[in-house]
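S.K.: Now for the letters of each chain:
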Amino acid sequence: MSTQTIAHKNKKKSLLNEPVIVVSDLKKSFGEHDVLTGFNLTLNKGETVVVLGKSGSGKSVLIKCIIGLMTPDEGKITVLGNDVSTLNRQDMDKLRMRVGFLFQSNALYDSMTIRENLEFPMRRHLAKMNAEETERRIIETLTDVGLAHTIDMMPEELSGGMQKRVALARTLILNPEIILYDEPTTGLDPITGLEISRLIVEIQEKYQTSSIVISHDMRCVAETADRIAVLLQGKCYTLGTYDELKNSDDKMIKQFFD
Amino acid sequence: MKKNENYNNIKLGIFVLAGMITLILSFYMIGAKQNVFGSNIFIKARFKDISGLTTGNNVRFSGLQAGVVKSIKIINDTTIEVNLVINKSLQSFIQKNSTAAIANEGLMGNKVINIFPGTIPAPEIEDGDLIPTKIDVSTDAMLSTLNHTNSNAETISEDVKYIIKRLNNNNTLWQVLEDTSVAKSLKSSLTNFHKVSEEINTISLDLHHTIIEINKGEGIAGMLLTNKKSEEEMKSVLNHIAKVSENADRLSARLDSVTKVLQKDIATGPGPVHTLLTDTADVRKINNTLTNLEKGTLAFKEDMEALKQNFLFRKYFKNEEKKKRKEDAIK
Amino acid sequence: MKLSKWGAEVFRETGAISRFTGLFFREVFSPRYEFKEFFKQCFLIGYKSLPLIGLTGFIMGLVLILQLRPTLLQYGVEAKLPAMVSLSIVREIGPVISALIFAGKIGSSIGAELGSMRVTEQIDSMEVSGTNPFKYLVVTRVLACTLMLPVLAVLSDAIGIYGSYIGFNIRSAMSPQLFIKQVFATLEFQDVIPAIVKTYFFGFAVGIVGCYKGYFSKNGTAGVGTAANSAVVLCSVLIFVIDLIIVQIADLLGYN
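Residue numbers (this note's numbering), protein chains in the order written: chain A, 874 to 1131; chain B, 207 to 537; chain C, 5 to 260.
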């Protein structure tokens, strides 16, 4: 796949100026080590932003702060109009229903079957849904990721790529408005990684979600990104499309494309 | 998957129930022993000294497990009240006069209260009754008695030792015991004694025969009467008899008056005779006397009959009869 | 310096576990209640441990009888064996051995399970899925431990007494009726009740410590092993400490 087609696709997409996530001046440090030192990012509806950065640069910390798994030291995060730091547990759970999170390690519950894994978020958020509808929805979502046959398997019986797909299915099953991807292709072979990247795009088109993708895998970035935010020294170093950044002369940016 | 889960829940249920049943069963078995469940009655007993009895100790009735000690309460410095829980099924057997005593279960076992049935019938015990107690021989008392017995035995054995020592030192006794001549003379005297007793035996046998013969009165009378005697002799005899009968006549007259006096005495009241006669022993004596008197009279009558039949006197009697008939005819 | 560091670590750990316990009590009474997971954990923690704990209980009873017999024979009180063994099993050995085995099996498995869930972000994933992982993982497991260990201990006592019956009949003979009668002639409520009560505390301690160690495990896969290991060690020590405390309290309350 050439970069031209992607650029073409990106241009075609009508970007709505309707922010779903606004991160402003986010600061987070672990002991002496400052990870985020005033990060700013805005995600618009229907858009995929890739946060590009080196390992340990605080990319994961960023999205964990967005979803509320970590509490920022300073700064404000607004997700779908809610200030995350002010939400109580119930409201946070309601918000999380609308925000999916794909973990780097998939985080499939390995004591449960695939069906139970997919059921798990549903029975939390959609307690009133009847068994038939639940079942139909599980199969539909699994079919979307191409793994309907694995429904009664245990996670450890699946390959890494399949696990990633199941994890994605589990994220999708609640029809979230926003999906946060934490290094979706890390640990996978290049071909599988590409498959996952394409799946992300497919999903994005089908479910009309807004996404933040954390990655340092350039193939994935090229495949998925509408915009790229480069995270350097705890700040959003630069923000731009794939082509813009690729053609940049900045040494700091260039290192990612080499 | 759902089926599997149900299956697991069933197993869990069995597991938990098994545990609970075990626990409840063991509680029941312990409780049954302590009479926590089931119907009971409470009775009280007061002791001066409970010698270490505690709540939960067993109560036995004639050796049968009847209940437990429920509580112990001190009433004053010499009285301790013990509350007993008694199995209701034994209520009808325990009477109000049953006695309670504290004893030991074995030599080193726990204290136990024994209830002994009363010796005479009494109504059955009721809830709240206070039953009498007695001091049973406790092990301590038993041991102290044993100790006392031991010291007594010691003194006795000391005395015995002293006596034996003295005996050993006493030469006369030993001489007596060792002298064979004494034994011989003792033996001969015993033989003599034997002979004497044999003789006494024969004498007594003879005496016996004599008495029997004496008892057979008719032999002597017969011998007397069958003898050929002279008429004079007979006449004197008859005279004698006449005298005798005269005397007897007078005697009877006097007897009659005496009887009258006696009757009067008896009838009128508390004279000495009255008391005398109420005494059964004297009555018996009098009775015997009277019987003897009767016997004597009978024998006398028989003698007279015999005289009548005798050919020697037949004539006389016939004449008498004729005289009598004549007198009748004249009349 | 090193000692003070160690002391500080002990205090920190104690404080953290206390907070964790406080959190447990806050979460346990508030909805929502994870009944399904609770029953699943009861099955895994209780039912699945029965063979192991039953076996150890059986062997304890049997061995105890065989060990005590020669001594009691010397004093000529062989008839007191059932009473003696049942008393020691019910009062001390049954609960403590069961709890130690339980700590070894369940404390480590909870530590390892929660540790690996933490490492592989499953706990975060639950959080994100709108499930309170503390309720779902910790509360259910601690409750299951607290409620299942007493059941296990009671069954272990019963199996242990059965084992002692077998042990007694290896060398001499006694009818089961008489044996049971002798056992219950000795046992009183004050023997059984504190012993049962303390198993609740043992179970609670195992659950809390296992969950705490797993829930806050760090340093990746190595941390999982550390979590499991330290959970067992701490559980075992705590069991003895709790035993000591409860025996003292029972003594003070006159249950002795």
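Take the hints with a grain of salt, since some may be wrong.
Examples of chain B residues lying across from chain C (beta carbon under 8 angstroms, computed) [to be verified]:
| no. | residue |
| --- | --- |
| 1 | N214 |
| 2 | A224 |
| 3 | T228 |
Hint data in this document are derived by calculation from the structure and do not stem from the laboratory.
For every residue, glycine included, the Cβ atom is placed at its ideal position computed from N, Cα and C.
S.K.: Decide, hint by hint, whether the structure agrees.
M.R.: Now the hints, each set against the structure:
no., hint, result
1, N214, "5 angstroms, holds"
2, A224, "6 angstroms, holds"
3, T228, "5 angstroms, holds"
Checked against the numbered hints listed earlier, the structure breaks none of them; every hint is satisfied.
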